[in-house]
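Following the hints, complete the assembly by docking chain B onto the known chain A.
Those protein sequences? They're chains A and B, same order as listed. Numbering follows our numbering, in which position 276 of the first sequence is assigned residue number 276; successive positions increment by one, without gaps. Remember, our numbering sits 1000 above the position in the second sequence when you count from 1.
I should point out that these hints are in silico values taken from the structure, not numbers from a laboratory. We put the CB at the ideal spot given by N, CA and C, even for glycine. Please note that a few of the clues may not be correct.
If you only want the chain B side, here are some residues facing chain A, beta carbon under 7 Å, derived [said to hold, decoys possible]:
{"id": "1", "residue": "A1060"}
{"id": "2", "residue": "M1149"}
{"id": "3", "residue": "L1208"}
{"id": "4", "residue": "L1311"}
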Amino acid sequence: MTLDIFLQFCVAGVTYGIIYGVVAIGFTIIYNTTGIINFAQGEFLMIGGMTAVTLQRYLPLPLAILGAVAVTMLVGAAIEVLFIRWLHRPSVLRMIIITIGVSIVIREIALHIWDEKSHALPHFTGDSVSAIAVAGAKISPQVVWVIGVCGTMVVLLGLFFRATPLGRQMRACASNRDAARLCGINTRNMVTFSFVLSAGMGALAGCVVSPITYVQYDSGTALAIKGFTAAILGGLGSTAGAAAGGLILGLLESFGVWVLPAAYKDAVAIAVMLGVLFLRPSGIFGSAEAARLREY
Amino acid sequence: MTLRGRGLGFTAGLAVAVVSIQIAASAAHKVFYLTQLTMSAYSMLVVLGLVMLMGYAGQASMGQAGFFAIGGYVAAFLTTFDLAPRRDTLLVALLDRAHLLMTRPDGSGGSVTHIHPWAAALVAIGLAAAIAWIVAGPVFRLRGHYLAMATLGFGIIVHRIFLGSSYFGAADGISDVPALVLLPGFSITGRAASRVSNYYAAWGLVLLTLWMISNLIESRVGRALKALHGSENAAAAVGIPIARFKTQVFILAAVLAALAGVLLTHYNGGIGPSEASVMKSVRYVAIVAVGGMANLRGALVMGTLLTFLSLRGYFGSFDDLVFGGILLAMMLFAPQGIVVGDLWRRLRSTFSGKKRGDDGPAA
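For reference, chain A alone in the conformation it holds in the complex (with noise of 0.2 Å):
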């Protein structure tokens, strides 16, 4: 293997992985204020991205992504609101069942909205064939923008969490809820607005790996699989373990289609999933200890 096909299997790898990182992120910021894994988190990315490709027919393109993102902030503090904030203490199995139905309904109402085909932003800056020369390999800028953007969004989640008063309750909220609700935070709202939060993350980052995945309806199930994967690779709760376990998975399944058939390209996450489900489900940063105590 030379260095420059070596630098582009990286490439490649880093761009899904970093896509990865921001749905294992939005796993996590719901789980930690709920508790609950949002089987629909996949679905978030795909409702920005195919909200931004109809919007875009009628605004430029920064308006169209910002008004995909409102739009599915939206949808996620409507689901919230609607399937979650009511409900008095659900059994995890209910809740299950219950994010799973939300996700099949949207990706069908997806269906209806939209249609089966497969759908793309224009690329952000030049197109399909323009190309950076980085030591050999070729790189499309859009995987530039992809590496920036969401790495930007990660950074800025840090930030958010460490030096804002919201962010501040947010993580009172996860680490202990009812020590949070006698400091007077409504964690009602603290676990709506990681909703939002999370499906704000998703829609951006859907938007702007559309012009090299293309985003169609159900493209969500695959990446909350993946996503989840990445999450509990890095220790399910911890946001920095989530970002680096979508880049493990990213990594791994893009050197994958190098020794495996491309069908198989999902098979590699999805034997992620279970290798470290079966082996080591406090993740590969988690302690075994706190993993043991939490409730799944």
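The following block gives chain B in isolation, referenced to the frame of chain A:
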């Protein structure tokens, strides 16, 4: 005793309904309805197993369609794969010696030599049971979300294998599966002439399964499963071997799903990769949820109705939306199921209020 009597009452009522529907359909010259009802019956086998696993034992399985597909695909593959060119290999020669091979004309004038459907069915179901046993070990160390995701992952892998492998016909699936001869002159096949007999065979099997599972649930095993659902730690503390029970009920559900897969594949004459899709697994879960999770009768009645309507195409392109919406609505508003079960109990107590004395000695 009374519980068992009640279960028997429902089974008898269902048997009457099965016969009446057949008579009504034949009288109205709408026998074609029986085809979809037969197909629904086989789906109900999967559902009955899943009620045990999910409703009673509380273990979510999002990959039940995988076991259905393993049963169907293995049976289809073994009964269509032509062994004639491999006559000389040791394995095929041994199979021939054991009278496990049969030759039949294929569609295009030639002939195909393949494994006998009965042997194929046994292999298919045995394989599903073995896979369930292997998978159960690691899977049941997980709970809640992780268990759901792991079974979902299992289902997706099975789907991908059948979709991606040319041995299993890739996206086209396998067709031209022969009939499964049960008795001389009677076989599981979709031919119009044997529509009524197949309808009775399928529903007879469902009733038998219902009766067996009802008995199992009201036995020691059933109580153990309910205890396990309530609290695994508490169940383990009172000496219930939870790992063994979970594995056994998982295998039972897998075997029922594989059996349904084998029979429906012979009935339809083929199987396609959509049978293994995630959405199919979710549908089975939706049906269990509509019935009220731990409610065999509710799941059976509502499941038959929904599957029948879906197969007749009443939901059009909203098919998956209907199942997703029902799943969501049930879990939001009525996680204990809708009134079918209660209604039945209420109806029964209304009608049997005076006859309670007669019931005793008979039961």
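Hints, one by one, checked against the model:
1. A least Cβ separation of about 6 Å between A1060(B) and chain A falls short of the 7 Å threshold, and the interface hint therefore holds.
2. Proximity of M1149(B) to chain A holds as hinted, the smallest CB-CB distance being about 6 Å (cut-off 7 Å).
3. Restraint check, L1208(B) versus chain A: the minimum CB separation of about 29 Å is more than 7 Å; hint violated.
4. Checking L1311(B) against chain A: minimum C-beta separation of about 18 Å lies over 7 Å; hint violated.
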